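Q: Based on the sequences and whatever the hints tell you, model everything.
Residues per chain are reported as follows:
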Amino acid sequence: MLATTTTIVLALILVASVLCVVRLVRGGSLADRIVALDSLLIMIVLGLAVQAARTGEDTYLDAMVVAALLGFTGTALVAKFIERRGA
Amino acid sequence: MELVASVLMLAGAVLALIAALGLQRFDDVFARMHAATKPATMGLALILVGTALVVPGPGPVAKLLLVIILQFITAPVGAHLVGRAAFRAGTELDPETVFDDLSTRIRPD
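Protein chains in written order, with my numbering: chain P, 10 to 96; chain L, 2 to 110.
These are computed hints drawn from the structure, not numbers from a lab.
If you're wondering where the values come from, they're calculated on a predicted model, not measured in any experiment.
Treat the hints loosely; a few may be bogus.
[To be verified] Simulated restraints on C-beta separations:
1. Leu23(P) to Leu4(L): 18 to 26 Å
2. Thr64(P) to Leu66(L): 18 to 26 Å
3. Arg93(P) to Asp102(L): 20 to 28 Å
Don't be surprised by glycine CBs; every beta carbon is placed ideally from N, CA and C.
A: Put into structure tokens, the structure is as follows:
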């Protein structure tokens, strides 16, 4: 039951991640790329959580906490950067 | 318990997919951010609560709750920072935009 659902969920997250990468490459402005990268990191956090549920392994959750923290710091940092430099 | 967790995870994943589609389909940064910030809070909460229902012991549940709370605090702040920076850096709006009250306020010329 859980194995089947987590497979489907991971597949959906994978498709979403690919779409994020497409936006990251195609860009538009620098801000578009930041939004795409932020979404990609969210997808990584989601994937790690699902993988933890799938395997019952605790280690994935530690990585998840770190990824969630780094996501915000990175976004805030680059936002300051484009505010000074321009998109 | 597994059934509820499965339904929550599926809902979260579908939300993530819809947001990624929005990232492709919308026409300017601000519309894309509107789509991208949905899985950052709601999708994440759904999937993490789903995980919390199936992982054993209180330790993992505490980590999951920590991430949910952190994300609910930082996601709006991050989105605000990016939106503000993009607007001030002069990112052009989609030509079909109807209301733009901010331009007249921060750039009166």
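Q: It remains to establish, for every hint, whether it holds in the given structure.
A: Verification of the supplied hints:
no.: 1; hint: Leu23(P) to Leu4(L): 18 to 26 Å; verdict: holds, 24 Å
no.: 2; hint: Thr64(P) to Leu66(L): 18 to 26 Å; verdict: holds, 20 Å
no.: 3; hint: Arg93(P) to Asp102(L): 20 to 28 Å; verdict: holds, 25 Å
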